[in-house]
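> Listed here are the chains, written in short residue letters.
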Amino acid sequence: MSLAIEAAEPATRTREGMLERLSPVLLISPVIVTTLVFVYVFIVLTVLISLSTWSPVNLAGGFASPLMKNYSALFSNGRFQADLRNTVVFTSIFLFGSVGLGLALALLVDRQIRGRGIFRAIFLFPYALSFIVTGVAWRWLFNPESGVNVLFDALGINTLLSHVGVGPLKPAWLTDPTVWPPLNEKLAAIFPSAAALQFDIGVPLALIGVAIAASWQLSGFAMATFLAGLATIPDHIREAAKIDNASGWTYFRKITWPMLAPFTVVNLVILGHVSLKIFDLVFAMSGPGPGFATDVPGIFVFEMTFRALRYGLGAAGSVVMLLMVAIVIIPYLIRNARENH
Amino acid sequence: MTWELNRRSLLKTGAALAGAAAVGAAAGRAAMAAGKLEIFSWWTSGGEAAALKALTDSYAAKFPGTELINAAVAGGGGTNAQSVLQARLAGGNPPDSWQGNSGTAFFDQYVGPGFVDDITSLYKSEGWEDKVPPAVLDLIRKDGKYYAVHVGAHRCNEVWYNKKLLQKHDIDIGETLSWDQFFAAAEKLKNAGVNALSLGDNGIWANARIFENTFTGLLGYEQTQKLWTGELSFDSPELKEAMKLHLKVLEFVNSDHSALSWDQAVGKVIDGSSAFNMHGDWAYGEFRKANAKDGEDFGWVSHPGTDDIFIIVTDCFTSPKGAPNPQEAINWLKTVGSADTQLAFSLNKGSVSPRLDVDKTKLPPYLQWSYDKFAKNKFVGSSVNGEQVPAAFVQAHFDALTTFVVNKNVDRFAAALAEAQQAISNG
Chain S
1 MSLAIEAAEP ATRTREGMLE RLSPVLLISP VIVTTLVFVY VFIVLTVLIS
51 LSTWSPVNLA GGFASPLMKN YSALFSNGRF QADLRNTVVF TSIFLFGSVG
101 LGLALALLVD RQIRGRGIFR AIFLFPYALS FIVTGVAWRW LFNPESGVNV
151 LFDALGINTL LSHVGVGPLK PAWLTDPTVW PPLNEKLAAI FPSAAALQFD
201 IGVPLALIGV AIAASWQLSG FAMATFLAGL ATIPDHIREA AKIDNASGWT
251 YFRKITWPML APFTVVNLVI LGHVSLKIFD LVFAMSGPGP GFATDVPGIF
301 VFEMTFRALR YGLGAAGSVV MLLMVAIVII PYLIRNAREN H
Chain H
1 MTWELNRRSL LKTGAALAGA AAVGAAAGRA AMAAGKLEIF SWWTSGGEAA
51 ALKALTDSYA AKFPGTELIN AAVAGGGGTN AQSVLQARLA GGNPPDSWQG
101 NSGTAFFDQY VGPGFVDDIT SLYKSEGWED KVPPAVLDLI RKDGKYYAVH
151 VGAHRCNEVW YNKKLLQKHD IDIGETLSWD QFFAAAEKLK NAGVNALSLG
201 DNGIWANARI FENTFTGLLG YEQTQKLWTG ELSFDSPELK EAMKLHLKVL
251 EFVNSDHSAL SWDQAVGKVI DGSSAFNMHG DWAYGEFRKA NAKDGEDFGW
301 VSHPGTDDIF IIVTDCFTSP KGAPNPQEAI NWLKTVGSAD TQLAFSLNKG
351 SVSPRLDVDK TKLPPYLQWS YDKFAKNKFV GSSVNGEQVP AAFVQAHFDA
401 LTTFVVNKNV DRFAAALAEA QQAISNG
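One line per chain: the protein sequences are S and H, in this order. By this note's numbering, the letter at position 35 of the first sequence is numbered 35, and the numbering carries on one by one without gaps. By this note's numbering, the letter at position 334 of the second sequence is numbered 334, and the numbering carries on one by one without gaps.
Since the hints were made in silico from the structure, they are not lab data.
Some chain S residues near chain H, calculated using beta-carbon distances under 8 Å:
hint : residue
1    : G78
2    : P144
3    : E145
4    : G287
5    : P288
6    : P290
7    : E303
8    : F306
9    : A308
A virtual CB, placed ideally from N, CA and C, is assigned to each residue, including glycine.
Here chain H stands alone, though its shape is the one from the complex:
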């Protein structure tokens, strides 16, 4: 076999290829201009994907003819998606709109560096300001300006349980749940050979979720606020008590918890291999997806001590600066901010609409309950999702917790969290 390598022909081929690539790129840019909308999110699990579809269906009905591009990045809690988004924004290649959580991390990462447009005029023209509770608006409002549209509010502090399994073991859960009741039930189940609490913390945030619910319940609303203003240290007797309580709770979890994801853990309650799961109400989407019946197959109650508190994570959409299709993005925000779209969305996502004017009667039992809580509860932004704290604290919290669940050293955990807390106030 003989290879004839001719330099001149190689050069010519190279030039031809480069030309073709340039033409191709130009054609690609031309196609982009014709009514496209790229929506970036981390909604890929079953319930989440269905919820996203409710939004896009509603948009397609209101603004037909636009091509929707779903740029979802998988990974629970959006940890992977946020990395991708950060890189795209820094590189000047924003999607037309992205989904994110609101609060401190949102302002630090996106509003501060100027990645999102001020959409105050949209709030005025759509009359959204009077529809949403002020404490919730504060999560996306700064100096009277709005930077995102809420589509749903999740309540993070629920305890889910398999009702039939508990009935079988003669355990009755009332309107609220105390720690004594929980531990009595857990012991009983453990003695009967049933796994009491399911946990899937291969992403440590699911474990942090329980810890936050626990310390918020012990501290109450006022004291919890002080944590984030720096008036109350993590290295205090109150917090150490919460840490000890957290360790006690973890004694009842499945042995393979660090190998499972949060939704697999919820699956254990659905299929009856575990009795309880402590998680936010995106878990509700998993119950619905599995066709489990509210109040029949499964029940729910506030995490001990938090019945009057709504630990909130919101999902919101933005209008990025320099996005390729700004008009489509505004239409998108109008759609997702409307009451009917939010109703359809909440049915699948397990969150409630942040608007107080949604027709409650159309909601399933859990969401009616949660919507009532939304109207009555005090709001505490979730620190696990960065609603109250910068990303650096969230990571420090996760790292400290990863070590804590293994070495069970309360003093070191308290010291590590206090150090991270100190770093917030130092800027």
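Isolated chain S (complex conformation):
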């Protein structure tokens, strides 16, 4: 494939020449202008609103006093504290699940197996779906009365368990408000100030279902990235390893895994920022959940801004989300920029 762009003519004073010289600017300016307005101007506006008392029901509102009032309200809000906990827990489970599963799938379909093209398409397909669609489908699957739990019964797992004298396997999934393990009291015994925490430290069990759904959907993306990575491993290295009689596990540990490292980083960064700003999947699947077990900052921002009309608080939440994403993305961008020079 060759790309034949008309060679730039020497600059002339004709109208034609002007157009030729201006056209790159003209062509790119809509993108620059819209990005400036709809991304950067709005970021500035959001920061300003987060420092103000302005809202549709308080149009006269000016800067808050003290200036960081909305931020202190945000961090002392028990719900937002729980959201930060959920973000950490969800991101950990989701990254581990989606990257791990993606790597496993990539290794599977990279082998010379029959119909691997079909498998690739099948594994990548969930990625093409809308989060809302996945969210609704997984909500049904995880309904404790009618979802996968019915399958446990049908497969006879519970009959088996009752013979062994164990209670039936019937997880409450998204409806389970339990936060495990119960750490607060132990922590309060060591640090008395921890008793003031307005949320339970630990893993909200309901969040595991959400992380499973998200991993299912995005493991195809991770797989595609890893497949591209596997294709970059040169044949001579493969052959050398073969000659040295490297077993499958040694080959993976010494060759595949190190050579895939840059692709693992790409996956972690891209999926990591998806995870930090996730909204639609959780919203469709469980909403804030029992006792905010599945609440995330995105839902908090939405409800505070558009339902409670506390625009300042919502904007403060958005700014915190932006900072979290920036911490993940900016080092990656800087590294990329350096590599390109």
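Position chain H against the provided structure of chain S, taking the given hints into account.
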């Protein structure tokens, strides 16, 4: 394969496309002018959609030739729709009329910022002022000016039950229901392996609905009013008692309540998998849709302690400022404010007409009962739907309740609500 990318042709194509878009937009504006009416609502569930259709059918009969655009946004209780509406109003793109609940939140969000027109002249010319009880008019009236037209009044404080299921278990419900009776029945059902109370609170407001009914019943009319004037704190022994009672009620709900929506919960009573449901009378629309018979398949009674109180949520329509088709909007309001249209509407919506001159004999048994209550009861605006309180309080109430139903900490719940209550009086 060779790609020939020619800058000049690209520029020309771009210009042609831009031109075409401009022509298209102009054509779109021209079409808008020809008798259209865009009605915004959150009525998408079966009963609600049928009720909306009763309104639009009536309008189409009275004012033929207008194209009706149904701009409904799904989501129970209108939480999603209100967000969309807020954005449209702020962006200067109002629908011709929108449906909303009346009361404090309505004045805060729509009347205060000047999004709705004053329609006092319509009230005078149609003679609506004498037809509707003053306490209900106050929900859309400020300083003698009217800002919306009520189409229906919902009573929020009902307990619905599956009559056949209760008969099977020898439980009889009379004219009223006390807490002792309810808990006795619930225990009996629980021991028989029947789920006593169905709840669908994947939107926490359905849970808040029960809590509000419970504390209103315990406090009574006078004391409940004091909550909203700030004379009675949420952090008081009376309210804490109500909170404990609420926890006791929740012991009898289905385990998957947080995965279900309110209408799925009503469905459990209809299909006999649960005995009771505590909800407002939009639930009645679900019973009707399922062809369940009033008083035969299902029965109803006031939430314990609230038989003389009508916890009210009204549906009303507005005439937005700067709407594209103001004349059509006024015709729409005239239609939905008329007695015959409201009668047709109430049959599907489960609400009663706020007018006191509707022919009661045409109403089905439940609505006759509710219409009688409307005439006799004292009105308490629902705080769950923002009839009494600003949106910020509603959200704070929901958030506190979400935590409360899990950690069951009465003191913290009371403190959180009291703090939100304090924020109302601080403005």
